[in-house]
Amino acid sequence: MSGDHASSTISAQVRHVEALLESRGLLGAGEIDTRIDAFLAGGTPVNGARIAARAWTDPGFAGRLSVDANTAIRELGLSMAGGLQEQRLKVVANGPDEHGVDQHHVVVCTLCSCYPIALLGPSPSWYKSEAYRSRVVRDPRGVLREFGLELPAATSLTVWDASAESRYLVVPRRPDGTGGLTEEELAGLVTRNGLIGTAAV
Amino acid sequence: MADRFAPGDRVRTRAADPDGHTRLPRYARGAIGTVVERAGAHPLADERARGGAPDAHAVHHVRFAAADLFGAGDHAVVVELWEDYLEEAP
Numbered sequence: 001m002s003g004d005h006a007s008s009t010i011s012a013q014v015r016h017v018e019a020l021l022e023s024r025g026l027l028g029a030g031e032i033d034t035r036i037d038a039f040l041a042g043g044t045p046v047n048g049a050r051i052a053a054r055a056w057t058d059p060g061f062a063g064r065l066s067v068d069a070n071t072a073i074r075e076l077g078l079s080m081a082g083g084l085q086e087q088r089l090k091v092v093a094n095g096p097d098e099h100g101v102d103q104h105h106v107v108v109c110t111l112c113s114c115y116p117i118a119l120l121g122p123s124p125s126w127y128k129s130e131a132y133r134s135r136v137v138r139d140p141r142g143v144l145r146e147f148g149l150e151l152p153a154a155t156s157l158t159v160w161d162a163s164a165e166s167r168y169l170v171v172p173r174r175p176d177g178t179g180g181l182t183e184e185e186l187a188g189l190v191t192r193n194g195l196i197g198t199a200a201v
Numbered sequence: 001m002a003d004r005f006a007p008g009d010r011v012r013t014r015a016a017d018p019d020g021h022t023r024l025p026r027y028a029r030g031a032i033g034t035v036v037e038r039a040g041a042h043p044l045a046d047e048r049a050r051g052g053a054p055d056a057h058a059v060h061h062v063r064f065a066a067a068d069l070f071g072a073g074d075h076a077v078v079v080e081l082w083e084d085y086l087e088e089a090p
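First to last, the protein sequences are chains A and B. For the first sequence, UniProt numbering assigns the number 1 to the initial residue and increments by one for each residue that follows. For the second sequence, UniProt numbering assigns the number 1 to the initial residue and increments by one for each residue that follows.
Extracted from the complex, chain B is given alone in its bound form (with noise of 0.2 Å):
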């Protein structure tokens, strides 16, 4: 399956607070950010944790300027999260 994103693509993750188990940082969620690179690709851990065989989906580390997460600080943060939490930012 192709990727849906590429290093250089604005990115915003999923805001909603999901039931269960999920791997998207909470202080992560409804960020805008810009992947850097492809992570490899891992069965979706959120499913994994409901008892599925999911298939291996892709996994971008995505860039977030601190100030956008946290509304302060100098710095950037990179988080590896699978693409079903990403969607094309505007």
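Just chain A, with the same shape it has in the complex (with noise of 0.2 Å):
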């Protein structure tokens, strides 16, 4: 499996494959790429940010969110049901725990690159590289570093690998002064790396 195989031999395989399909009446030309096209529409970080603006102001939504996420995005509208199957989606949220303690959640998909698209649209390429995959489960903390994420000592840090059906996203902490903004306007501070985990916002 690599991150990027626009010209290898994979791709001529999967070109053979569809065009054996399509010969035999299995497939209709371009069927795939309407697929594709309806899987990826609507697909934007626009809505992950929503979702944690959301939860920062509504802290009735935040517990529903982390009980039964793909139940409570459809408070906004959201859903996960736009592939062949609906995907669950997991949310965590950084910040202090009950306990106090800081927490903060990454995200990745060693085994391949499963990412929530419908929230976050279509994923970077560094997602989908094999540096990034096998090393931040081992050194999280030096690969957030070089994101420009240093995080204090005292911040637990959990890595968060998808292999199932399962997809992730983090709630970043709230920033700090921000009391006075609306919900709108939260949202509009909201990274997509913030919602991956690689960045603070």
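Please keep in mind that the hints were generated in silico from the structure rather than gathered at the bench. No residue lacks a Cβ here, since even glycine has one placed at the ideal position from N, Cα and C. Certain hints may be false.
Pair ranges (Cβ atoms, derived) [as the list claims (entries may be wrong)]:
no. : chain 1 : residue 1 : chain 2 : residue 2 : range
1   : A       : E184      : B       : D19       : 48 to 56 Å
2   : A       : T182      : B       : A89       : 46 to 54 Å
3   : B       : D17       : A       : S8        : 22 to 30 Å
Computed far set for chain A versus chain B, every beta-carbon distance over 10 Å [as the list claims (entries may be wrong)]:
no. : residue
4   : S8
5   : V14
6   : R15
7   : G43
8   : V46
9   : E98
10  : S113
11  : I117
12  : V137
13  : P140
14  : D161
15  : A162
16  : A164
17  : P175
18  : L189
19  : A199
With the hints in hand, could you dock these two chains into one complex?
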């Protein structure tokens, strides 16, 4: 498995299989592109940012999100059901836990590149790279430092590795001094990397 | 089918390197961790890759201390694992 195989042997094999399926009438011409377009439609980090901003401003929503994210995000008109089956969404929140210990979460898929496309859009190339996938599970503090995020030693750090059908989203820690902002203004602060856990917001 | 494991249970992952496809990452083989929560139920990918149509089996989020996986690190790694990959830890 590799991060980028646009011109590789496997890419040629995939095109060959696609052509065979079309020639035998099992697949309509352009059907794969149509399905990919449908899957990507509406997928943007703006969706994830809206979830984070709502979680910051509505503790009830934050609680429902942590228990059953698939149901909770429907309150915002969002869904994980855009693909062949509804994917399970697990949302984890940065910030102090019930004991006051600061928590930080970061997301990876070490086996391939599972990613919540409906909430974040297509994944960045580094997310699919072997370097990120192999290193972040072993040395997350070092990798986050390269992203410009230096975590305090006292912060408890958890890496979430997708290997089945779940997708993960991180709610970043709400920045200090944002008490006067509206939910929409707060959503504007949230970055894609913040929702993966490789940036502070 | 009732789950074999519940949150808080200590489990050990299979150590064997299977033929063909698996979703048990190599770095998490033969390791002891703690079940965090159920992560749904899905057909076992290993059997699906061999062309089977298996029933859905429970999947769990299992939390490992990095030191137990890599011999170093103060963080934790949570991996989604089918319960087929797990046995009770002693």
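Hints versus structure:
1. A/E184 x B/D19: 48 to 56 Å: Because 53 Å falls inside the window, the suggested range holds.
2. A/T182 x B/A89: 46 to 54 Å: holds (49 Å)
3. B/D17 x A/S8: 22 to 30 Å: With Cβ atoms ~25 Å apart, the hint holds.
4. S8: holds (19 Å)
5. V14: holds (16 Å)
6. R15: It holds; A/R15 is separated from chain B by about 21 Å at its closest Cβ, greater than 10 Å.
7. G43: holds (21 Å)
8. V46: holds (27 Å)
9. E98: Consistent with the label, A/E98 stays out of reach of chain B, its closest Cβ about 15 Å off (over 10 Å).
10. S113: Its Cβ never comes within 10 Å of chain B, the nearest being 14 Å, so this holds.
11. I117: Consistent with the label, A/I117 stays out of reach of chain B, its closest Cβ about 18 Å off (over 10 Å).
12. V137: Violated, because the least Cβ-Cβ distance between A/V137 and chain B comes to about 5 Å, which does not exceed 10 Å.
13. P140: violated (5 Å)
14. D161: Violated: least Cβ distance 5 Å, not greater than 10 Å.
15. A162: Given a closest Cβ separation of 6 Å, the condition is violated.
16. A164: Nearest chain B Cβ is 4 Å from A/A164, so the label is violated.
17. P175: A/P175 clear of chain B: closest Cβ-Cβ about 23 Å, beyond 10 Å.
18. L189: Non-interface label on A/L189 holds, nearest chain B Cβ at 26 Å vs cutoff 10 Å.
19. A199: Answer for A/A199: holds, closest chain B Cβ roughly 17 Å.
Hint compliance for this structure: hints 12, 13, 14, 15 and 16 are broken, all remaining hints hold.
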